[in-house]
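2 protein chains.
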Amino acid sequence: MSEFRQNISTGEWVIVAPERTKRPADYCRERQKTQVPAHSESCPFCPGNEHKCKEPVYEVKSDGKWTLRVVPNIFAAVNRQSPPVRAKDGLYLSAGGYGEAEVIIEAPSHNADIAFMPVEQVQDVIRAYRCRFNELSEDPNIAIVNIFKNYGPTAGASLVHPHSQIIATMVSPPHITEQIFYARRAFNTWGRCVYCDMIKEELAVRKRLVMESEHFIAFCPFASKYPYEMRIMPRKHSAIFGTITPEEESDFAFILQSVLRKLSLLLDYPDYNYYIRSVPNSDGLVQYYHWHLAITPRLVQAAGFELGTRIYINPSLPETCAAELREI
Amino acid sequence: MSEFRQNISTGEWVIVAPERTKRPADYCRERQKTQVPAHSESCPFCPGNEHKCKEPVYEVKSDGKWTLRVVPNIFAAVNRQSPPVRAKDGLYLSAGGYGEAEVIIEAPSHNADIAFMPVEQVQDVIRAYRCRFNELSEDPNIAIVNIFKNYGPTAGASLVHPHSQIIATMVSPPHITEQIFYARRAFNTWGRCVYCDMIKEELAVRKRLVMESEHFIAFCPFASKYPYEMRIMPRKHSAIFGTITPEEESDFAFILQSVLRKLSLLLDYPDYNYYIRSVPNSDGLVQYYHWHLAITPRLVQAAGFELGTRIYINPSLPETCAAELREI
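Just so you know, the sequences run in chain order A and B. Read in order, the letters of the first sequence are residues 1 to 328 in this note's numbering. Read in order, the letters of the second sequence are residues 1 to 328 in this note's numbering.
Worth flagging that the hints you see were computed from the coordinates, not collected in a lab. Be a bit skeptical, because a hint or two may be false.
[As the list claims (entries may be wrong)] Under the rule of at most 20 Å between Cα atoms (straight-line distance), these lysine-lysine pairs were calculated in the PhoX-like manner:
hint, chain 1, residue 1, chain 2, residue 2
1, B, K65, B, K54
2, B, K207, A, K88
3, B, K52, B, K65
4, B, K200, A, K88
5, A, K22, A, K207
6, B, K22, B, K207
7, A, K200, B, K88
8, A, K65, A, K54
9, A, K52, A, K65
10, B, K200, B, K236
11, B, K65, A, K207
12, A, K236, A, K200
[As the list claims (entries may be wrong)] Now the stretches of chain A that chain B is said to cover, found in silico as 3 or more residues with beta-carbon under 8 Å:
hint, region
13, 148-155
14, 175-185
15, 234-247
C-beta: ideal position from N, C-alpha, C; glycine also.
Please take these sequences and the hints and turn them into a complete structure.
Structure (structure tokens):
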């Protein structure tokens with residue numbers, strides 16, 4: 001029997017249709033397994049090709065060589081030369097494409113993978129996220145700083161070299177505004193952060209838990225849209241990712257790498273996206289929102305029903321996915 | 001220069017990034033052009049294989065043979081055996097998978113294409129949409145009837161045989177509820193349907209118009225999320241698709257087929273989805289919503305930024321797309 005499930009933090013419904021349930025192997029694609037080399041002459045992110053990128057805005061070095069770099073995106077969808085102003089265009093509203101787009105080159109090695117690189121390197125990635133997040137947030141014309149990763153071609157990655165991205169924009173995503181509106185309503189009703197409630201529930205029932213660390217928990221959401229979807233949430237309440245402490249950073253690197261490794265091993269290196277959700281700068285340290293990271297494996301294709309209704313049909317039970325991820 | 005554009009009917013923003021603009025040919029995929037036969041032994045929708053489907057709930061016949069059939073979906077994500085009740089699941093809310101899933105087999109011919117079949121056949125398709133929409137809407141446990149089409153594998157179609165789908169659900173999609181909330185707020189502010197305003201604006205400025213017919217207009221929305229995205233809207237205000245008259249039905253078939261043909265010829269038969277938006281049954285003939293059909297070609301891949309923010313980066317100017325579609 002399939003069932004509808006509601007996302008308690010957004011009000012969105014999904015259909016969990018276990019009649020269609022697949023085993024992990026059913027999701028593993030037939031792929032040409034090409035050996036990725038450790039260095040590529042044509043890759044703009046590889047050492048020796050630094051001139052193909054803009055000047056770095058952040059760099060980590062060891063023995064005189066860089067081990068991580070953050071560079072402005074050459075193919076930026078937004079930039080700070082665009083005017084940060086809104087204007088009427090007939091009936092409609094438009095705004096200059098003001099913002100900043102940056103690429104975090106996570107390692108010099110062309111074939112490194114965040115799921116398997118030394119955990120210290122992942123810590124450097126998280127620290128770069130935090131530093132760039134906080135610096136970009138200081139621009140009063142930036143409404144929100146979005147940090148995300150595209151892994152694999154069906155997740156939108158055009159380059160193999162391990163990297164994540166930042167796009168800071170002058171407008172807040174209405175979806176996040178709605179989510180915050182919904183969270184505030186829950187707070188006004190129950191007097192508690194709905195995400196704190198969720199953490200408590202997941203730690204109590206445990207069936208959707210993937211793993212826990214000192215400062216974080218990772219679980220498959222009750223109303224997962226996608227098979228093997230996961231959330232990593234800090235146990236400590238904070239609305240803003242940029243408040244993460246160095247100690248929490250190390251722990252976050254550990255749990256993020258651990259669950260990505262589980263995902264890669266269980267599903268034979270599936271394409272995935274992850275993104276960090278944090279309040280827009282207009283909101284500050286509100287009590288009703290809770291920053292988190294969402295991981296969405298790209299195993300199924302959204303079709304007309306999902307585009308039209310935004311109700312997703314998930315062929316896998318989140319409880320089953322969590323159990324499989326726990327055990328690997 | 002890129003710009004943000006706001007969807008006036010939802011408040012959603014998109015980034016139109018014409019630095020990335022592509023010509024139609026850039027979107028045409030390298031494909032193995034396999035000749036699709038007019039009949040396939042293994043296709044459950046082909047004549048002779050009727051036993052592979054459930055009993056039809058609607059049928060059009062000519063000379064004793066069927067020319068269109070609507071059958072319950074064998075792989076239904078929802079069904080009317082599930083209980084139409086909501087229940088608490090710990091902290092969360094779930095509901096029985098109550099609903100109905102049907103497939104409209106648009107023609108007996110395995111290789112027919114809605115963009116190129118005789119227009120009378122498309123009229124039969126639209127009439128089937130209307131009849132099934134109205135019949136399913138009579139079930140008091142159905143909140144909304146969703147009609148959509150998946151064309152091609154990247155649009156989620158698993159079968160080649162020309163077909164569309166209906167999924168009627170016991171819950172209303174929160175996205176549509178939000179859209180209606182937004183439209184009502186605009187109505188309360190301006191005293192007019194925001195979609196009627198949009199039709200008036202598009203007919204006045206004409207630069208995003210693709211074509212117009214007696215009862216409908218087709219245009220590329222100002223805040224298009226996708227390249228070559230289109231809307232077909234009835235000139236006459238109505239919140240409910242099921243109110244379409246036989247005369248409007250013929251005209252709707254004509255304009256739908258015309259724009260799908262333009263899309264197919266301009267972009268070499270791209271995969272696409274279309275879906276009909278109409279108010280949930282709880283709302284009735286409200287003055288602030290306006291039913292319409294949306295066409296979303298699947299030419300670009302949503303990545304982490306889109307999943308995280310739901311702000312889409314559109315590499316094509318809607319005005320350029322409309323001009324190209326007009327001219328073909």
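If any of the earlier hints don't hold here, list their numbers in rising order. 11 and 15
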